[in-house]
Amino acid sequence: MEIVVLLKQVPATEAFIEIAEDGVSVKTQNLKWVINPYDEFAVEEALRIREAHGGTVTVVSVGVEKTTEAIRTALAMGADKGVLINDPAAQGLDGLGVARVLAAGLKQIAFDLIIAGQRAVDDDNFLVGPAVAEFLDIPHLSMVIKQELQDGRIRCHRTVEGGTLVVEAPLPALFTTQRGLNEPRYTSLPGIMKAKRKPLETKTLADIGLTSAAVTNRGARIAAFRLPPQRSGGRMIAGDSAQAKAAELVRLLHEEAKVV
Amino acid sequence: MSQAVLAVAEQNDGVFRKVTFEALSAGRRIADHLGGELAAVVLGHGVQAAAADLGRYGADRIRVADHPALAEYLNDAYCNVLATVIEAEKPAVVVFGATTQGRDLAARLSARLNAPLAVDCLAIQTEGDALQVTRPMYGGKLLADVRLEGPLKLVAIRPNAMPITPLEKAGTIAMVAAEPGRTRTVFVEKTLDSGKVELTEADAIVSGGRGMGGSDFSVLEALAGVLGGAVGASRSAVDEGWRPASDQVGQTGKVVSPALYVACGISGAIQHLAGMSSAKVIVAINKDAEAPIFAKADYGIAGDLFELVPLITAEIRKLKA
Numbered sequence: 016m017e018i019v020v021l022l023k024q025v026p027a028t029e030a031f032i033e034i035a036e037d038g039v040s041v042k043t044q045n046l047k048w049v050i051n052p053y054d055e056f057a058v059e060e061a062l063r064i065r066e067a068h069g070g071t072v073t074v075v076s077v078g079v080e081k082t083t084e085a086i087r088t089a090l091a092m093g094a095d096k097g098v099l100i101n102d103p104a105a106q107g108l109d110g111l112g113v114a115r116v117l118a119a120g121l122k123q124i125a126f127d128l129i130i131a132g133q134r135a136v137d138d139d140n141f142l143v144g145p146a147v148a149e150f151l152d153i154p155h156l157s158m159v160i161k162q163e164l165q166d167g168r169i170r171c172h173r174t175v176e177g178g179t180l181v182v183e184a185p186l187p188a189l190f191t192t193q194r195g196l197n198e199p200r201y202t203s204l205p206g207i208m209k210a211k212r213k214p215l216e217t218k219t220l221a222d223i224g225l226t227s228a229a230v231t232n233r234g235a236r237i238a239a240f241r242l243p244p245q246r247s248g249g250r251m252i253a254g255d256s257a258q259a260k261a262a263e264l265v266r267l268l269h270e271e272a273k274v275v
Numbered sequence: 002m003s004q005a006v007l008a009v010a011e012q013n014d015g016v017f018r019k020v021t022f023e024a025l026s027a028g029r030r031i032a033d034h035l036g037g038e039l040a041a042v043v044l045g046h047g048v049q050a051a052a053a054d055l056g057r058y059g060a061d062r063i064r065v066a067d068h069p070a071l072a073e074y075l076n077d078a079y080c081n082v083l084a085t086v087i088e089a090e091k092p093a094v095v096v097f098g099a100t101t102q103g104r105d106l107a108a109r110l111s112a113r114l115n116a117p118l119a120v121d122c123l124a125i126q127t128e129g130d131a132l133q134v135t136r137p138m139y140g141g142k143l144l145a146d147v148r149l150e151g152p153l154k155l156v157a158i159r160p161n162a163m164p165i166t167p168l169e170k171a172g173t174i175a176m177v178a179a180e181p182g183r184t185r186t187v188f189v190e191k192t193l194d195s196g197k198v199e200l201t202e203a204d205a206i207v208s209g210g211r212g213m214g215g216s217d218f219s220v221l222e223a224l225a226g227v228l229g230g231a232v233g234a235s236r237s238a239v240d241e242g243w244r245p246a247s248d249q250v251g252q253t254g255k256v257v258s259p260a261l262y263v264a265c266g267i268s269g270a271i272q273h274l275a276g277m278s279s280a281k282v283i284v285a286i287n288k289d290a291e292a293p294i295f296a297k298a299d300y301g302i303a304g305d306l307f308e309l310v311p312l313i314t315a316e317i318r319k320l321k322a
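Chains as they are written, first to last, in our numbering: chain Z, 16 to 275; chain V, 2 to 322.
Treat the hints loosely; a few may be bogus.
Derived contacts from chain V toward chain Z, CB cut-off under 7 Å, selection only [claimed, not checked]:
1) 105
2) 120
3) 189
4) 191
Calculated from the model, a selection of chain V residues having no Cβ within reach of chain Z, i.e. all distances over 10 Å [what the hints assert, rightly or not]:
5) 90
6) 129
7) 130
8) 211
9) 216
10) 222
I should point out that these hints are in silico values taken from the structure, not numbers from a laboratory.
The beta-carbon is built from N, C-alpha and C at its ideal position, and this holds for glycine as well.
Input sequences plus hints: build the corresponding full structure.
This is the structure we're talking about:
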């Protein structure tokens, strides 16, 4: 089983995000960078599938030099090799542009199964996984919490509002991860040592047969970042007893906030 | 250039999701700005009777794609049919609800039609032929104004974020070609937790965190019950195994926008705040008066949640009696 994991390096979820001077990007200095948490589930699931069915796990990312750190982490978890697509013309693309680059890169890699995060926790646009599947003309299944591979097919349990769907597709296919799929393993010291010797190839757009003109069409771009409205907040409800506090809260929710 | 707008309705067994009406109302406003018409489309099987409802929220015309192969959502069949409808209707903008289905369908279509997509939109403005949407990024730590350009733009609106405006329109109904085309995904089965209010659509959410101290969330369930809402959880509570992952509110869980969010025994990690800060009113209940959650709450009570929550539940019950 040839498995490819699509990986993005993102700021850690506990990071405090600040808007940069230009107003359309965020300050990247001092940020802690991690593997996108949903992609971490993807790496873990790929490793489990390889353990059960054999094969190789290749991690593919569009990024910058620093992204090699995230790919090395995935290699330390146990992935076999990494591919980083790093090209000035591939920076700052919208989701569709990134998907186009990934799809071009994947045309040079053998795969039976592609696993991607449902979304990256920076852009939160839920676009890249399904878009890559469309560009490669393969089926996709999103928000997966459980998968079973059998006879060249994949059966996935997908979470939907208020329940679960079970859907099946023939391989090659792509699925996106949902929390609950697995518990990603920690990297071990021997794993980290081994990862240093695993192949990690860097490619430009030309290497994957794309011209920069082919990806510069940006239909979606950030015009401005803003901070969400801050709450006046922090109004502490006083009272002589728990009963008094509870009654005062409900009065305020009813009369002032009008939500009860 | 065409200035029409298409709103994609989402139904489950013939019942429309609330966000469908929000999408229709948003679509109506965009169409009015563009000076075009609003079409609504519903895909499914045996959905024609329900389709008339869509005319009550500003749709000039309603397109029904009815086919046994569309009875359950499968992205390839739905994508094929919707692409055909878009080709016929030639909208400048397509509005989806940002549900699991809406996002999935919109993403695949975005690639197929080379149309930019913005998901979880909180506000939409037209600027000439371009569309400017406001959407959260970095798990809601920032709001981004995103400009979408091109002959066709796709937007998926966040449930509970935009108003529903009832508006009777002609709402002429027509059946359209519903040929599912080449499909590879196959529906096997679905399991729905009946009676459970979905977190992303709930008007009220009562969430528990580490302060719950265990898997007994019954006091929160009782409060959610009188509010007609849902129970959520922080990442700590999910990591402890007290609640299922599907209940998690936060940057790596669900992002919710209820009218009322009650955080119980939740300290207020930035990860959690990202998931609930767009709630209209936030109440925090925590033993630790210094907990960061209080700075983000509209109302706070320092105290024992196991004592306070049942009292609050009783007060609301009294009010509603």
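Verification of the supplied hints:
{"no.": "1", "hint": "105", "in the structure": "holds (5 Å)"}
{"no.": "2", "hint": "120", "in the structure": "holds (5 Å)"}
{"no.": "3", "hint": "189", "in the structure": "holds (4 Å)"}
{"no.": "4", "hint": "191", "in the structure": "holds (5 Å)"}
{"no.": "5", "hint": "90", "in the structure": "holds (20 Å)"}
{"no.": "6", "hint": "129", "in the structure": "holds (13 Å)"}
{"no.": "7", "hint": "130", "in the structure": "holds (12 Å)"}
{"no.": "8", "hint": "211", "in the structure": "holds (15 Å)"}
{"no.": "9", "hint": "216", "in the structure": "holds (16 Å)"}
{"no.": "10", "hint": "222", "in the structure": "holds (16 Å)"}
No hint from the list above goes unmet by this structure.
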